[in-house]
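Protein chains in written order, with my numbering: chain A, 1 to 291; chain B, 292 to 640.
Mixed in with the good hints there might be a few duds.
[As the list claims (entries may be wrong)] With a straight-line Cα cutoff of 20 Å, these simulated PhoX-like cross-link-like pairs (lysine-lysine) come out: (1) 174(A) <-> 32(A); (2) 174(A) <-> 84(A); (3) 420(B) <-> 285(A); (4) 420(B) <-> 278(A); (5) 162(A) <-> 174(A); (6) 285(A) <-> 32(A).
[Said to hold, decoys possible] Selected chain B positions facing chain A (in silico; Cβ < 8 Å): (7) 556; (8) 606; (9) 624.
Calculated from the structure, these hints are not laboratory results. Remember, predicted model here, so these are calculated numbers, not experimental data. Positions of the beta carbon are idealized from the N, C-alpha and C atoms, including for glycine.
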Amino acid sequence: MRFLSNLVTGLGLGSVYAIIALGYTMVYGIAKMLNFAHGDVIMVGAYIAFFALNRFSLPLIPGILVAVLGCTVLGVVIERLAYKPLRQASSLAVLITAIGVSYFLQNGAQLLWSASPKMFPAIISSGALKIGNLSIAYLTLVTIATCIVVMICLTLFINRTKTGSAMRACSEDKDAARLMGINVNGIISLTFAIGSGLAAVAAVLLCANYPTVTPTLGSMPGIKAFTAAVFGGIGSIPGALLGGLLLGIIEILSKAYISTQLSDVIVFGVLIVILLVKPAGLLGKKINEKV
Amino acid sequence: MKNSKGIFGYLLDSRHRSRTISYTMVIAAYIILEVLLHSGSLSNLFQGLLVPATCYLVAAIGLNLNVGVSGELNLGQAGFMAVGAFSGVCVSGLLAGTLPAIPRLILAIIVGMLLTAGVGFLIGIPVLKLQGDYLAIVTLAFGQIVMNLIMNLYVAFDSTGIKVSFVESRFDLEPGGKFLINGPMGATGTERIATFTAGTILVLFALVVVYNLIYSRNGRAIMAARDNRIAAESIGINIANTKMMAFVISAALAGAAGALYGLNYSTMVASKFDYNTSILILVYVVLGGLGNINGTLISTVVLFLLPQLLRGLQDYRMLIYAVILIVIMLVTNNNVLKTKMGSLRRKKA
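Can you make the complete structure from the sequences, with help from the hints?
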């Protein structure tokens, strides 16, 4: 029973990682860049949600929508100002710029909102659903449910809409997509918008689970989620879900049964083992290099 | 200097030039700073920055070998520095009563370097099987693992010998015993034996190693493997060996830098060597120019000092640092500017 309840907690944490990992994986799939600033977009989302809910005491749903809107705008602005001029540059140049953006957001947040942690309000009643001996916190249920809803909406969007197929086309071959009349820059902006909007959702869920908001809040979940995206095969949306969930479960289980201090070692160790067995991640496509 | 495709004569000429420039820059900087140091015109703050600057220089030169010359993105250089730092601190702590400071420092750096080279080799076996972004994320993972392991490591010694424990310190020390590494608290009470002169010598050593490697047969093999893996393989270059060579030497230099760094502070925690530090060093290397050692030297010094020079701007300094970083990347990768610079360079030649 303890195992089951740990498993559910792991699924809850994994759902948050999965939503963040979607942002990494979509941006990687379309723009072929590692967006190191994604974790800091989460942090900004957390602050916006905090101020919306606490300072302006908006109700929950409008509060979250404000955060989503804020992050979406932020994501698009970052893309336009910092990444778009580097479309032709080497991937390392883009990586360093993303790191610069990350520093900028962290230090900007520190200046605007100070480094002292802020307590995120409880947004979901602290009760728990009891099934026999097993009790699952409502918060965990809501987190998992949100992740499922996000995944379904995103999959439908990517597979069933015209914009979605344009996105898939861009991720496969940008030049061919351009020849087919797809606005590639628009699609890239849209990808950043969706990824950043999801980051805000993840921020609210993260802060509901761990209610301290600080300027560096996003960096560790960011790295973990990035790991999750690679775990599942970067660029693959189901891969991000699988990687996120697995990572959350591994982290919680190793905290519960092996060692709290060494949980990160185990998480990253499993990543390395998986990449050695499947070098493109669990669901990634292996592209053979042509001579 | 990026690839060795040019005319042989040009290469021969330019290689002497860039080497000479490197050594001259380091020695000139050393002499000027020593003069300033002895005339007392350096502030305490600035004096404290000298040794760390040389440490970052060595680590960055090493990383440039890995990222620039060998072409493999490494996001775990700080992990190697951590290995060097803590092994160096242990060596120095153990021999505190038996050896004077200078041989102890040299021994600590050598042990740190060799141990890190060993760790680099072990990590390199799985890492170098991967390519591109996957390789990068695995080095990041290894950096985090190394840091977390050291944070849970307890090393102590007393009259009965050295004791090592993991996760929890399970030993009671005899009177007079001392912790060398105390888990999350890191190394405390380290005797600060690192000097600026030692740092400068280490920088020169790193330069000699890297330049001699780059312009050797092996160095050309490493660059060939970077530029075209398949072509290099088809002319009989052992890709795995060449990549490993660059990786291990890069790690060893980071380890030496770490040992010096660790012995420059009385307390050192492993979390100092998290991925932010790795990225910091990577920024130095990329801004200096991949494969360009002189660029690395300049950009490391400038970027290391920049936050200090911006101190007058107080809270805004890191924000401005970030903006400068982004602007440099945007400007140096601007196509219009690049063509202009290119035509200027051609005219000069």
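Each hint tested on the structure:
1. 174(A) <-> 32(A): Since the Cα atoms of residue 174(A) and residue 32(A) sit roughly 11 Å apart, the hinted pair holds (cutoff 20 Å).
2. 174(A) <-> 84(A): holds, 14 Å
3. 420(B) <-> 285(A): This hinted pair holds, its Cα atoms lying about 17 Å apart.
4. 420(B) <-> 278(A): holds, 11 Å
5. 162(A) <-> 174(A): OK: residue 162(A) and residue 174(A) at ~16 Å, within 20 Å.
6. 285(A) <-> 32(A): Holds - the C-alpha atoms of residue 32(A) and residue 285(A) are around 14 Å apart, at most 20 Å.
7. 556: The hint is violated - residue 556(B) has no Cβ within 8 Å of chain A, the shortest such distance being about 23 Å.
8. 606: holds, 6 Å
9. 624: holds, 4 Å
Hint compliance for this structure: hint 7 is the single one not met.
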